[in-house]
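Trainee: Since chain A is already given, all that's left is putting chain B on it; use the hints.
There are 2 protein chains.
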Amino acid sequence: MTFDFAIGANLRKSPYFDATLRAGVKSFSVYNHMLIPAHFGDPEAEYQRLMTGVAMWDVAAQRQVEITGPDAARLVQYITPRNLGSTRVGQGRYVPICDHDGWIINDPVLLKLADDRFWLSVADSDLHLWCQAIAQERGWQARVTEPDVAPLAIQGPLAEAVTVALFGDWVRDLRYFGFRETVLDDIPLVLARSGWSKQGGFELYLTDGSHGNALWNRVAAVGVPFGIGPGAPNDIERVESGLISYGSDMRWQVLPADPFEMGMGALVDLTREDDYVGRAALRTKAARGLTRRRTGYWVEGKPAFPGHPMPVHLGGEAVGVVSELLYSPRLGRSIAVGLLRADLGDETSGLSIALPDGAAGLRPTPLPFKP
Amino acid sequence: MTFDFAIGANLRKSPYFDATLRAGVKSFSVYNHMLIPAHFGDPEAEYQRLMTGVAMWDVAAQRQVEITGPDAARLVQYITPRNLGSTRVGQGRYVPICDHDGWIINDPVLLKLADDRFWLSVADSDLHLWCQAIAQERGWQARVTEPDVAPLAIQGPLAEAVTVALFGDWVRDLRYFGFRETVLDDIPLVLARSGWSKQGGFELYLTDGSHGNALWNRVAAVGVPFGIGPGAPNDIERVESGLISYGSDMRWQVLPADPFEMGMGALVDLTREDDYVGRAALRTKAARGLTRRRTGYWVEGKPAFPGHPMPVHLGGEAVGVVSELLYSPRLGRSIAVGLLRADLGDETSGLSIALPDGAAGLRPTPLPFKP
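Line order of the protein sequences matches chains A and B. Counting from 1, one number per residue, gives the positions in the first sequence under full-length UniProt numbering. Counting from 1, one number per residue, gives the positions in the second sequence under full-length UniProt numbering.
Next up, chain A with everything else stripped away, as it sits in the complex (with noise of 0.2 Å):
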């Protein structure tokens, strides 16, 4: 099903927009209130430019959310049960974010730009009143703002080639996550490698929004020999490489998980000494065990997905859920990821979902998806 979009005034355009509509963008989403291309007329032609050659996407929907002053490293530190005590500036770091409760609300990359400014890469949730009411409640000196920063990602096996056309060789030293501030011409712009595929790319944060055609024309020109073409965070490579997305694999209002059970148990560190929000909580969860884990699916057939998280059943029982669930044409089978009870191991049997097609077979299988 494909339906007009309402563009209303209460959507949000990113920098590249126009940019984005000259390059031929055919369908949209919305992100952070904020409109993002979803694909470009040649989803299959996208994919396959993301797997082996580079692409690059308008991501400005990815909003930052700055935190300054001088209890901003507190505030930062105090909001995610990850320990910071070793990030150095330049450094980037994936941080959940937990409710009270130890529910994750989101799932940010964490920028450390100076000892006493951040900036939160965040996923589709206001983060930034979350980050606003702890840090006024507690009468911390932490000020929250959304600067002008749009990131423009540049994705696939021939990115580091086409960043490196842009901005020099430095750029081959920087670490997973590393990023510096420089300018392209007069452009003022982080650079980072990080961005939201297991195809290895560069994250360019825009800090001027004015820049942003002068950005796009200018990363699309140097592409050039390299076939860069445009596109977008892609779905079926995402599910293939077990990303998480928040939003779709959990969100607190309709499919709450903790960072155990999404995998992310390493990241929680229930050692700290200081208190942070959802120690408690995490702890009790901790020490209950897990309940649920995260988990690939193989799937049966060639399914039709309705689109938001669907009950996993084994016999008359739901015993976990599917949160995405597509084709991979590189695999050559339908695949879904989803929660499943922890007690219930790869090897278990007789697994299946309802769809409106009919029920399909599903079997565990460890992510990322190997062929």
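Treat the hints as calculated values from the structure; they're not laboratory data. Treat each hint with caution, since some may be false.
Identical copies carry no separate label here, and so any pair may be met within one copy or between two of them.
As the list claims (entries may be wrong) - As a list, the in silico BS3-like pairs of lysine-lysine whose alpha-carbon atoms are at most 30 Å apart:
1) Lys26 - Lys198
2) Lys302 - Lys26
3) Lys13 - Lys302
4) Lys370 - Lys302
5) Lys26 - Lys13
Note that this is a predicted model, so its numbers are computed, not measured.
Mentor: For chain B alone, coordinates are given in the frame of chain A:
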């Protein structure tokens, strides 16, 4: 411009989703991470139906933040500058919610279901994060949840007749924003005299999503003699009526505004003894006096609007902003809403806005628009 809409797993579906598909929905938007119908193929007829007959709207995306527990009333009173002292069970209140700097972060309708149970029927931001953080950081016994509640709106001059036919004569006695918990056959809901239009009507807060199709079909069937038809919150009517749209007319990230400049000053109780979020900032703003004021604008010609806030100029200087601009068939003119420097009265001439088609002249005029 219309585009395909990528209905991804990260966008929630309303309990009325299947019903709206059968009713021929042609366009969706996204609100509170949920799909919301935008139109059913004939926006003009849908506008006429709202103005002269009766329309039914899937407004499930107007999510409820439920606050319960011994400190629920305390929390609700703390997060709004409005004095709720006189609010009784069964009454609704329009409550601006401000951050600690006095900027509006949401403008929900509060429903007092019991002395220790409230709903915030929220505009498009994750207000639950704000409420949860404050309750938990203050150690208050107030539980914040998003219950299974999905409003269905019946709007238009014939809305009362339809609602009487559904529920009986008692609904005539409901005051504006008054509500009652009831059932329709075996369908549990809260019936309120409310809705996001100035044409009058009711909202049926369905409290069990599994009855979504049943409720939609029941309302559609009973509405047949009254010529009811599907529709959606209508931008033309809301601009004509001067209804505020959080996300369009203001948004913390894009166009921050305070209650005074948005015309909600009467809802801010500066005399309250008890502390509330933003009290100091709002007192300072009140003492400083208005710098901007909300206004309507008559607009020359029939220009296209890019769909995001645009500055209003007087000579070379930016003196205001237009948040939405459209053509009103009823008024036979282009109209807009936005903000204007407070010292500039309705007689101000020489105002202009730079639009894709070129500059257009503006003249301030009070809201709602009068023919």
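Trainee: Work down the list of hints and note, for each, if the structure agrees.
Mentor: Right, here's what the structure says about each hint:
no.	hint	in the structure
1	Lys26 - Lys198	within (25 Å within a copy, 36 Å between copies)
2	Lys302 - Lys26	both (25 Å within a copy, 27 Å between copies)
3	Lys13 - Lys302	between (35 Å within a copy, 23 Å between copies)
4	Lys370 - Lys302	within (18 Å within a copy, 57 Å between copies)
5	Lys26 - Lys13	both (15 Å within a copy, 22 Å between copies)
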